[in-house]
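Enquirer: Required output: the full structure, derived from the provided sequences and hints.
Here the protein sequences come in this chain order: U and E.
Residue numbering for the first sequence follows the numbering used here, starting at 1036 and increasing by one per position.
Residue numbering for the second sequence follows the numbering used here, starting at 1036 and increasing by one per position.
If you are wondering where the hints come from, they were derived from the structure by calculation, not from laboratory data.
Quick caveat, the model's predicted, so the values are computed rather than measured.
Be aware that one or more of the hints could be misleading.
Copies of the same chain are indistinguishable here, so a pair counts whether it falls within one copy or spans any two.
[As the list claims (entries may be wrong)] Below, computed lysine-lysine pairings styled on DSSO-like, alpha-carbon distance capped at 30 angstroms: (1) K1334 with K1302; (2) K1196 with K1327; (3) K1228 with K1065; (4) K1065 with K1334; (5) K1327 with K1302; (6) K1302 with K1056; (7) K1302 with K1291; (8) K1327 with K1088; (9) K1280 with K1220; (10) K1280 with K1065; (11) K1118 with K1280; (12) K1228 with K1093; (13) K1302 with K1166; (14) K1285 with K1327.
Number of protein chains: 2
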Amino acid sequence: MYRKEIKVLDCTVRDGGLMNKWMFSDEFVKAVYKACVESGIDYMEIGYKSNTKSFSPKEYGKWRFCDEKAMAEIVGKNDTNLKLSAMADIGRIEPDDILPKSESLLDMIRVACYVNQIDKAIWLAEHCMDKGYEATINLMAVSTVMERDLNEALEDLNKSKVPVVYLVDSYGSMYCEQVELLVNKYRERLPGKTLGVHMHNNMQLAFSNTITGIIQNCNMLDATILGIGRGAGNCPLEVLLSFLKNPKFKLRPIYKVIQEHLIPLQKEIDWGYHIPYLITGAMNQHPRSAMKWMDSENKEDLVSFFNYMMDQRDF
Amino acid sequence: MYRKEIKVLDCTVRDGGLMNKWMFSDEFVKAVYKACVESGIDYMEIGYKSNTKSFSPKEYGKWRFCDEKAMAEIVGKNDTNLKLSAMADIGRIEPDDILPKSESLLDMIRVACYVNQIDKAIWLAEHCMDKGYEATINLMAVSTVMERDLNEALEDLNKSKVPVVYLVDSYGSMYCEQVELLVNKYRERLPGKTLGVHMHNNMQLAFSNTITGIIQNCNMLDATILGIGRGAGNCPLEVLLSFLKNPKFKLRPIYKVIQEHLIPLQKEIDWGYHIPYLITGAMNQHPRSAMKWMDSENKEDLVSFFNYMMDQRDF
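Expert: What follows is the structure in structure tokens.
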């Protein structure tokens, strides 16, 4: 019943780190790595690749940078079937920050960009491929991109060497019919490329939109353990694995790391379904206002947040 | 953009009461009623209609019984556009427990049954209609019913006078393709009847399955405020209203009752997404083992619950 082409990518540390500036203990990251290896996950995205000119190491944890030394302390030589990935943001990394593949523990670099950055993103992704890595492009915030601009970006992507392109629901604002339309557009305009999905859970649709992606032949699926991630979080890895029928995936290691590490972490970081995230998602807005509200002393005043967002819309 | 035939039914008190034996304060039930009236909800299901031979009023709160006096204390004469509903379980109510409509605050009685009880359910629902009520039949646990038995039940329903039939995902184990197939089967075999959906959230699919119902022309939609309900809970009313485009629905009153009543209640009752509920849902099992586990001192030992459920399956 399973489709062997499907690959699952865990981005627990990379996307979860958006909630705590990547200040995870080594013990936590090691436990996530071990769970991914044991459960048969295909890729683990361990953080962002960026340089210390863009972010201060005093303010951000090591998974904002993904130094080789830091990675080696977690994974040794990574003598496993699990591939390692890092995400690169356009403008926060220099070409020379990418080492030749032979000198790196990373197998894949995913380039995240907004639609106006697509040319830079293609350049960077192809640069990574030239250095020996697998590469993808993750086109963010597509729910706010005008049709003509998206078509042009897809035309550029189609001409590129980049083999994998992701549909990303950055604001958690999409539902199945929108995902279906966009995936079909991507597929028609990117013949021969592999498609992926990265969904957010503001409207409790991250898993369901991932299923729509599966039905529409997307084969790279992003998820995080217990759904940890920015704001409302992501498609939960344990729900996705419960659904996929590939016998190579094991659930017990994931439940173990949830019990021992994610549930304790949930007491410190408040990701997941909360009304402010629902409100920004339903309004197709970046979650930053909701995150700010959730960090304030007004956190529990939902009506005022709703009023505030409605007022904003009037200007 | 909206479909005027769609009716939303709030079952916060009825389904939520499965978690606290309907021991809600009058203040809570009044606040839910007020929110439903102000937000333009079509129906509020205030509890179960059952008799004191089946349940002791010492052990169960008043919304297990829905006496007229108790309802009047909350809604007065209910001089609003909100219709009131109660659910009746086969075998826990006598025909004479149903008063003539003229003597009751209830507008609708929904009869819940398992497939083997379909004949009794049709009798009871038609009996309620004869007494002047709207009536529906909610066929539970359909994810474990054999195809032939379901077809026969639908044949009986088709011959009945009952105008509304619900697809119920009691175990929270369905995803979109299964919902689509079943709704299509119901529609083909029940021409002229209105279809409804009642979904549970074990796999975080309650809202998404409700969307599938909408797309497939189901017009009665169940939801509960903040998703309160048995185990993983239901489709959250606030997400559903954020999605529906009917201008008659207002969100602010729902956020108000969430802030003032549901979030405080969440500190006492642990409904919502929890791994034990995911495990029973993914296994297409009744949530009772998960609820028992969540009530025990082993609550946080997820791996042991997974092992326990796997062992059960081997016998």
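Enquirer: When Cα atoms must be at most 30 angstroms apart, do K1302 and K1056 count as within-copy, between-copy, both, or neither?
Expert: For K1302 and K1056, the Cα distance is within 30 angstroms both inside one copy (16 angstroms) and across copies (28 angstroms).
Enquirer: Given a CA cutoff of 30 angstroms, do K1280 and K1065 count as a within-copy pair, a between-copy pair, both, or neither?
Expert: within (27 angstroms within a copy, 46 angstroms between copies)
Enquirer: Check K1280 against K1220 for me: Cα-Cα at most 30 angstroms, and say if that holds within a copy, between copies, both or neither.
Expert: Answer is both; intra-copy 27 angstroms and inter-copy 26 angstroms each pass.
Enquirer: From the Cα coordinates, with 30 angstroms as the cut-off, is the pair K1285 and K1327 best called within, between, both, or neither?
Expert: between (37 angstroms within a copy, 25 angstroms between copies)
Enquirer: Quick one: K1327 to K1088, C-alpha cut-off 30 angstroms, is that within a copy, between copies, both, or neither?
Expert: Only inside one copy: K1327 and K1088 sit 25 angstroms apart there, 53 angstroms across copies, limit 30 angstroms.
Enquirer: Give the relationship of K1228 and K1065 under a CA distance limit of 30 angstroms: within one copy only, between copies only, both, or neither.
Expert: Neither: 33 angstroms inside a copy, 56 angstroms across copies.
Enquirer: Is it within a copy, between copies, both, or neither that the alpha carbon of K1302 lies no farther than 30 angstroms from that of K1291?
Expert: For K1302 and K1291, the Cα distance is within 30 angstroms both inside one copy (17 angstroms) and across copies (25 angstroms).
Enquirer: Under a CA distance limit of 30 angstroms, which applies to K1065 and K1334: within one copy, between copies, both, or neither?
Expert: Between copies, since 25 angstroms is at most 30 angstroms while 32 angstroms is not.
Enquirer: When no copy is named, should K1118 and K1280 be tagged within, between, both, or neither for a Cα gap of at most 30 angstroms?
Expert: The answer is within: 21 angstroms in one copy meets 30 angstroms, while 44 angstroms across copies does not.
Enquirer: First find the shortest C-alpha distance between K1334 and K1302 inside one copy, then the shortest across copies, and answer within, between, both or neither for a cut-off of 30 angstroms.
Expert: Cα proximity of K1334 and K1302: in one copy and across copies (16 angstroms, 16 angstroms).
Enquirer: When no copy is named, should K1196 and K1327 be tagged within, between, both, or neither for a Cα gap of at most 30 angstroms?
Expert: neither (39 angstroms within a copy, 54 angstroms between copies)
Enquirer: If the cut is 30 angstroms between Cα atoms, do K1228 and K1093 qualify within a copy, between copies, both or neither?
Expert: Answer is neither: 40 angstroms inside a copy and 65 angstroms across each miss the 30 angstroms cutoff.
Of the hints listed earlier, those the structure fails to meet are numbers 2, 3, 12, 13, in rising order.
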